[in-house]
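8 protein chains.
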Amino acid sequence: MPSNPVDEHGASHFVRPDFDRIRRKGVPEVILADRKTVEDSLAIARQFLEREGRAILSRVPEALEARLRQDFDGQASLEWYPGARAAVLRAPGQPRPDTGGRVGIVSAGTSDIPRAEEAALVCREMGCRVYTVYDVGVAGLHRLFDPLERLLNEDQVDVMIVAAGMDGALPSVVSGLVPVPVIGLPTSVGYGLGGGGVTALLSMLQTCAPGLSVVNIDNGIGAGATAGLIANRVAAARQAHT
Amino acid sequence: MPSNPVDEHGASHFVRPDFDRIRRKGVPEVILADRKTVEDSLAIARQFLEREGRAILSRVPEALEARLRQDFDGQASLEWYPGARAAVLRAPGQPRPDTGGRVGIVSAGTSDIPRAEEAALVCREMGCRVYTVYDVGVAGLHRLFDPLERLLNEDQVDVMIVAAGMDGALPSVVSGLVPVPVIGLPTSVGYGLGGGGVTALLSMLQTCAPGLSVVNIDNGIGAGATAGLIANRVAAARQAHT
Amino acid sequence: MPSNPVDEHGASHFVRPDFDRIRRKGVPEVILADRKTVEDSLAIARQFLEREGRAILSRVPEALEARLRQDFDGQASLEWYPGARAAVLRAPGQPRPDTGGRVGIVSAGTSDIPRAEEAALVCREMGCRVYTVYDVGVAGLHRLFDPLERLLNEDQVDVMIVAAGMDGALPSVVSGLVPVPVIGLPTSVGYGLGGGGVTALLSMLQTCAPGLSVVNIDNGIGAGATAGLIANRVAAARQAHT
Amino acid sequence: MPSNPVDEHGASHFVRPDFDRIRRKGVPEVILADRKTVEDSLAIARQFLEREGRAILSRVPEALEARLRQDFDGQASLEWYPGARAAVLRAPGQPRPDTGGRVGIVSAGTSDIPRAEEAALVCREMGCRVYTVYDVGVAGLHRLFDPLERLLNEDQVDVMIVAAGMDGALPSVVSGLVPVPVIGLPTSVGYGLGGGGVTALLSMLQTCAPGLSVVNIDNGIGAGATAGLIANRVAAARQAHT
Amino acid sequence: MPSNPVDEHGASHFVRPDFDRIRRKGVPEVILADRKTVEDSLAIARQFLEREGRAILSRVPEALEARLRQDFDGQASLEWYPGARAAVLRAPGQPRPDTGGRVGIVSAGTSDIPRAEEAALVCREMGCRVYTVYDVGVAGLHRLFDPLERLLNEDQVDVMIVAAGMDGALPSVVSGLVPVPVIGLPTSVGYGLGGGGVTALLSMLQTCAPGLSVVNIDNGIGAGATAGLIANRVAAARQAHT
Amino acid sequence: MPSNPVDEHGASHFVRPDFDRIRRKGVPEVILADRKTVEDSLAIARQFLEREGRAILSRVPEALEARLRQDFDGQASLEWYPGARAAVLRAPGQPRPDTGGRVGIVSAGTSDIPRAEEAALVCREMGCRVYTVYDVGVAGLHRLFDPLERLLNEDQVDVMIVAAGMDGALPSVVSGLVPVPVIGLPTSVGYGLGGGGVTALLSMLQTCAPGLSVVNIDNGIGAGATAGLIANRVAAARQAHT
Amino acid sequence: MPSNPVDEHGASHFVRPDFDRIRRKGVPEVILADRKTVEDSLAIARQFLEREGRAILSRVPEALEARLRQDFDGQASLEWYPGARAAVLRAPGQPRPDTGGRVGIVSAGTSDIPRAEEAALVCREMGCRVYTVYDVGVAGLHRLFDPLERLLNEDQVDVMIVAAGMDGALPSVVSGLVPVPVIGLPTSVGYGLGGGGVTALLSMLQTCAPGLSVVNIDNGIGAGATAGLIANRVAAARQAHT
Amino acid sequence: MPSNPVDEHGASHFVRPDFDRIRRKGVPEVILADRKTVEDSLAIARQFLEREGRAILSRVPEALEARLRQDFDGQASLEWYPGARAAVLRAPGQPRPDTGGRVGIVSAGTSDIPRAEEAALVCREMGCRVYTVYDVGVAGLHRLFDPLERLLNEDQVDVMIVAAGMDGALPSVVSGLVPVPVIGLPTSVGYGLGGGGVTALLSMLQTCAPGLSVVNIDNGIGAGATAGLIANRVAAARQAHT
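Protein sequences appear in the order of chains A, B, C, D, E, F, G and H. Letter by letter, the first sequence follows residues 1 to 242 in the working numbering. Letter by letter, the second sequence follows residues 243 to 484 in the working numbering. Letter by letter, the third sequence follows residues 485 to 726 in the working numbering. Letter by letter, the fourth sequence follows residues 727 to 968 in the working numbering. Letter by letter, the fifth sequence follows residues 969 to 1210 in the working numbering. Letter by letter, the sixth sequence follows residues 1211 to 1452 in the working numbering. Letter by letter, the seventh sequence follows residues 1453 to 1694 in the working numbering. Letter by letter, the eighth sequence follows residues 1695 to 1936 in the working numbering.
Some hints here could point you the wrong way.
Lysine-lysine pairs mimicking BS3-like chemistry, simulated, CA-CA at most 30 Å apart [claimed, not checked]: (1) A:K36 x G:K1488; (2) B:K278 x C:K520; (3) D:K762 x A:K36; (4) F:K1246 x E:K1004; (5) C:K520 x E:K1004; (6) H:K1730 x G:K1488; (7) B:K278 x F:K1246; (8) D:K762 x H:K1730.
In short, the hints are calculated from the structure, not lab data.
Kindly produce the complete structure, drawing on both the sequences and the hints.
This is the structure:
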């Protein structure tokens, strides 16, 4: 972290980091490692591990992945999500939470999976059960109906995340077919005019299907947090009365 | 509706309207009256009233408002939302649904109220109880804390809609403070570069606050549908176990 | 047409209008009446009627419609397309062409019909048979399969035009299901960010479905011309060998 | 392909890839190799080769090119398109299809050739005969007329693809001169404001020439698929009656 | 002109208008009447008439046209350009300047004529001879060669202005064929994506033809001023030596 | 203000208006009258007049102007700013504040004066003395030096606001010449690409001149508030020590 | 610096650099080193050091940093700002100026610190005292009030700079709470639609809070110069009377 | 150049390159070397050298520069423009043309020099004499007047090119002061919103100064060609009469 030689008091007035967000909001902090140095990421991860018994890192560069595997060996278990290049460090004896919330995650193409996996990771660390269906293109809709039915009737999901790039049509199609709220997760897949996920996002904003809300391009973390909050509110209502 | 003299079969192949959407999705159809002729709007309203016992119209021009008051007098009750210029026609004996879902709606400025009211109307017609706090600007945050606390602790809302134009900062601020999912509803209030609601929408997409998802500019109907689906899923869980 | 007092030769050097385009290209000229005065539109229509035995006008203002009905009474038959507000004046004894080309036209919503009708009109005046299916939303895909099957198997269309606004998803969905070329026709239906047809156009450009090409927003005339050229090339091949 | 440790069923719900698209749509799947690892591309290519007797890869990185030449030596013939950096692997005894469709491809500048070649490749693998004219600039139109006449009268093409970057004027010019449908293929050639192919695409959308439809920037594959569908529909009509 | 009650000195510090620009720059001031009140326009016109013996007004509303015809009757001659809705008031005995500069003006379509006429007016009031060719579309290039040859060989223009809307291709085409500098004048003709003249301007900026420079959309006045400056510099060189 | 029939408590939860902003921030609230009904504007003005002894209204429609003159006759004095169409109602005996702050306001063209006047009005109501120079174009810089010198040396302004539309060059030029902070106020003057004030704003953001900060297009109120805060801070320092 | 072999006079007409800007404007020149070669930056730094007794460099690449430490060793002291990667070289005996101006700098997140530090550096070299509060997110507003109160009451700052990326909400929030002018400094932090600082800038332009003006994205130097000019004007008034 | 195995005639139909452009248009072809392989650039340069006695290359990578110096040693002289990284190869005995045209080139900052030099190179190879003034910022206008006067009165230039990035204000300022036509050359210098030359281009399009026309960002070649055509037309008129 940069020093700050220009302050009159001779010391930076850093406000303290926000460790209590998970208690206030129910959503864990995720360390975005791609804009930090390896050493900074390791230091912050260690802080979270000590205070919370868990540290979550996403967009982990290869050099950091190696250090995570090495530095925390014996001190914490490491769960690795290869698509999202994300990691969960968990202190010994620290269980993963289980709220009973149920989230379905659907992705349109192979390239959307990393972001779908980020969302899944966040939901899981918020205590939800996650059910996934990957690689369901709009250009062959007949392949969509069976998986959706299983998610609804068998897995009984409380909310769905649908990830899509390119024309971003899948979330609208799904939202037109299912009775649960749908979070559209546009991914930065696309090319030419409207590429990089812009068309995917715009399509979801212009949807005719009721009950679809969206997050920004590639914001798997945010989609997961929203879905987790919804599913956990439902789960809490279920449990409150059992 | 336009005739279609160019079809070889001598008749338009109009697919039938989607009357069963409310059963499939749980969200009622809303007739957007500002792009239709008065006669078309009246005809469609009549169809819905007959089949569903209810017709919902939004963005009602003055000429249509007069006709709604006159034509359905004695056949249906009329609820009028002056901010949104929206109307609900309800057949005699047809009760408003009551699911027990609880929705909070917050608006940043006076100009955002029409869209907030659209959202409230949809939630209510989906059976939810709606709790509103209007005109809470970011440029005076000290006035925000009390109303939020009341919505959370007293009204116990399951989800919040926060409507804002201009810089669209309020939904992020609220989402950073409350533990329920928040739907950001950008309104077309603003001027100059980034005006017309564009900045408000972008701000909500760029939020640092977890658990905020958004709909398109001025899409009060869509924000209401999403919030209603969430609240009703929670309410159903509550009721299933009582 | 404006005078031009500034030319040294004392007269405007107007190059002659392009009456022979239909012979060179096989596509009739359409007079866009909304940017012309009523008198100018009438004069040009008269010119075409005299030379070609037919004049086609689109986006006809009400004042011009009245004059068309009145001025050409007895001199030409008038076909009126109410959705597109388009007109065909045809000289007595002048038959509509018949090439045997077969075009299917699908529209997503009611608001897309005027542009779909423009396309239909052009195809028909190029000699094609036109088969239409209107108001097939993506938010209820189960209603799409039957009409498509009829267009393909019963009507045996050579090419399809699919008109859509909002998220513009329908052309991709259709193009993923049918074995004929599809022309995407985005319409200026939509609101907020990406509204006015922009998202619809971008979605069609970002399609994953092979065989979809597009025209600009609301360019029903151009979509019709392209589809007509394709269908007529096929029809010519059919006839050449019968 | 990424593992998916977060699914409750302990296994990814991958929907199966779309091998039957060529039978449903008549357009072969093309493997875009630039966003995949070499190993992934090789694995998918092997799958297609086994099932379809052919695998098509485009945007092949140098490392993959070397592996294609080496790994499939003796098992499949390799056709290499140097401009497009595309490859066709063909199983022994598997003939290239021949439908009798006839496609003309015109490019404005040298830089447009890679995309023109992608289109040519797709058309050819759909069974069409392809006739090309490359490097015909708008800034010297007198050089355009002879090649177009040869394409129309000698080669008798059913459809043309015209590739252009920069100001994208060539497709409009060509479409104003020829009686067959034209597919505009904008390429990412250009600089400054409106660069990267944006102006080329916009110009084609704003064309005054009837019968021009477009695909997205650099979408040679899509332009080829559309032209192939058109030409093959015409060819089928020709053959049906011979 | 608005009063300014808030200045401490009790009076507005208005800097004096720029009457000497024509002497410094050789380009006359043109009064844009569409953003002024009729009375303001008349007052400014009277000022110019008194000082310069001439006043030029463009984009003249109908009410102002009537007043110009009436108020200055007997005091100044009125030249009216109907396409541009522009007027020149000239004091008795005040001749139009004649420098010997030679300007060619070409327009692509009928809708571009008003802006072409604005340019012509400015050139003429700067003393140039103006030669015009109107309505030369790119979608029929064979009609272009004869008029260009006449402008070059017969009229011997020193510079050309080429006005075009839609895809804006004509200036590039012309600039590729003629040896004189060309000023591209994009007009606000066009629709859908890239409409309103944006594509026309971008096309001209992306031109491959050397020697084309551009002005902003609909800036006929500016195109005329630039062409007039060029032609007059050439004419001065011609005259200096005769 | 719209009623809100949908709240469960049977009453709108309107948070109270922000009357104490002037005490907290030193900037008076300005009632933007163009988006309100005449009756609403009058009601709010009356509230401010009662509590603060003053009400400021901007963008006043003609109908409201008439009512202001009529309704408050005898109860408050009315100051009218014709360029800005703004009004100050002042209760009898309520003096205009006088802080001793000194603000210079420069405008590039006549069309920028309304916004410059809005800024002047706010500064004056914050107690500043305002010195103005209007209609100083960049296209004749020699006319700029004298007025600037007078503002600096004679009027001794603490801060300058420079209003400009079109290319927005004036604020950069001024900021390169004067030693006081400059607020750039872009106005919605301009046309074609980058019109409506967008280029003016971008130019100010891209300035090479140090010490220039900007507000949004046409935000005269905001420019005045910023300049007033700066000038008043300086004036307070001056007075504190006298 | 490039040679210029094409000038007729055989020598470049380079106008001399602007060494006297600090005297004219009170803002020191900062050498942006990231677009220059190491040798060019060193040469210019040496020039400033000789003439002004100080050289300021920002965005210093690592190679240049090494050279600065090495080449000027013994000739000048080096102050290094690690966040901004900026350096101040100061000749022996040359004191840092001290005007008594007081500037507060607040940053929203860790990523905004480099730009905040650039601003701080400029203010300090203009003689101001700088007081900083870093890492104050909007998504936890309760942590904001204490630091602001200290800046206002204890440090008595004359002006504040607030740096923020993402949704850029913090400057509006701060400006709504404090009575001093605020300079919004948007940083290029953000992703997806509206990323790279665009939303942050737009939010600040759309602010509802009075007294907020802005500079372009990442323009820490410009924000510092503006704040320094304001603070120094106040300080001069304070000193003039003491 | 890529082979083209897909053409039915077994050979690519390459239209021949445009060697006669210099005779038709008077503007030499410039080989843009940054998008070509070193070998391709060398081959094309050799072709031009043989046919025209000269080859011009711009944006020359270092590897190509080395090869140019080595491969043509003894066969052609090499003139190297270090700012533009451009080269002119000239066959022995081939003189540089001399038309007597006179071009002034002004640049705003050091970063604009490479593009200014490209323009100078083209003008010179078209036979013009070029007079340059570099590094004249708008943020210090007092330094501008002397150089302009020398260009006009002493060097008697027929046309000026003014290169500027950032806010692009210099061309407008110059065009408001000089009586010759001005070509605005925006450069890709700038940052944040409107960066990369976009604001510079827009500013020039929005200019209030008459007689300014523009080319696209960084198009030094095009600016030079336009200025060269103008100056040569003037020079020809001068010579015709001597």
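A quick look at each hint next to the structure:
1. A:K36 x G:K1488: Holds, at about 26 Å.
2. B:K278 x C:K520: Distance ~26 Å between K278 (chain B) and K520 (chain C) Cα, so the pair holds.
3. D:K762 x A:K36: Roughly 26 Å separates the two Cα atoms, so the pair holds.
4. F:K1246 x E:K1004: Roughly 26 Å separates the two Cα atoms, so the pair holds.
5. C:K520 x E:K1004: 26 Å, holds
6. H:K1730 x G:K1488: 26 Å, holds
7. B:K278 x F:K1246: OK: K278 (chain B) and K1246 (chain F) at ~26 Å, within 30 Å.
8. D:K762 x H:K1730: 26 Å, holds
Of the numbered hints given earlier, the model fails none.
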